[in-house]
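> Sequence:
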Amino acid sequence: MLSVGQILARKSSRGSRARVRKDSVRAGREQRSPFNPKFTGRYLQAAERYERETRQPGQRVGALGPVGLEVFRALLQIIDYKTGRLDPSIKHLCQRLKRSRDAVVRALRNLRDARFITWTRRYVETGAEGRGPQVHQTSNAYRVMLPAAAESLLGRAWHPAPISDDILHAREQFVAERDAMIAALPLSEFVEATIEDNSLGAILARLGAGIDARDQRESAPRTESC
Numbered sequence: 243m244l245s246v247g248q249i250l251a252r253k254s255s256r257g258s259r260a261r262v263r264k265d266s267v268r269a270g271r272e273q274r275s276p277f278n279p280k281f282t283g284r285y286l287q288a289a290e291r292y293e294r295e296t297r298q299p300g301q302r303v304g305a306l307g308p309v310g311l312e313v314f315r316a317l318l319q320i321i322d323y324k325t326g327r328l329d330p331s332i333k334h335l336c337q338r339l340k341r342s343r344d345a346v347v348r349a350l351r352n353l354r355d356a357r358f359i360t361w362t363r364r365y366v367e368t369g370a371e372g373r374g375p376q377v378h379q380t381s382n383a384y385r386v387m388l389p390a391a392a393e394s395l396l397g398r399a400w401h402p403a404p405i406s407d408d409i410l411h412a413r414e415q416f417v418a419e420r421d422a423m424i425a426a427l428p429l430s431e432f433v434e435a436t437i438e439d440n441s442l443g444a445i446l447a448r449l450g451a452g453i454d455a456r457d458q459r460e461s462a463p464r465t466e467s468c
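Take any residue in the sequence shown, note its place counting from 1, add 242, and you have its number in our numbering.
Treat the hints loosely; a few may be bogus.
Capping the alpha-carbon separation at 30 Å, the derived lysine-lysine pairs in DSSO-like fashion look like this [as the list claims (entries may be wrong)]:
no. : residue 1 : residue 2
1   : Lys280    : Lys340
2   : Lys324    : Lys280
3   : Lys340    : Lys324
4   : Lys333    : Lys280
5   : Lys333    : Lys264
Quick caveat, the hints were computed from the structure, so don't treat them as lab data. A quick note: this is a predicted structure, and the numbers were derived from the prediction, not measured.
Could you put the whole structure together from the sequences, leaning on the hints where they help?
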């Protein structure tokens, strides 16, 4: 017969395996990709314009809401640019933004619905003893995105301007004149202008100088001797 302590221990052991949400992956196995910090302003401006564009007449907020913009800005500040790691807990976001949990959760859903973010549910192993792996839910891993609907609102300012025909013609003319100038150089100078390897260029330049000198001797007018 089991003692009360043994019964409680078994219940505690079985209960240590908390349920995890569907489609959760083990923490660290989520997909990540680096994020260029130069795009931060672009993403923020796109979100702000999207918020204004989706604001209906007579309403004060759009599809994202003010808290949605705050959360998006925070995610862009938190993200590890080199690895793309972005897994703040909701509690951390609440404390950082001084917003309620409901407000942050609603903001995250708005951002996901608008395709500014996506997330992966994750779990971690607790290391506790028990039947089967002992795991519990942990913070989501997020990925920031720029939806096409928002990117289109940025206009031409964020896209590189096409190169004008005048600039293209000037470049082509410059290249043609440069190539013609190099082709007209003596062989030794031609080698120096076209070979990047200094040691190899020096050897070929000396060979070219010898060939140039020979050509000059052969082309010089000859005088008849008595």
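> State for each hint whether it applies.
Evaluation of the provided hints:
no., hint, result
1, Lys280 - Lys340, "27 Å, holds"
2, Lys324 - Lys280, "13 Å, holds"
3, Lys340 - Lys324, "28 Å, holds"
4, Lys333 - Lys280, "28 Å, holds"
5, Lys333 - Lys264, "21 Å, holds"
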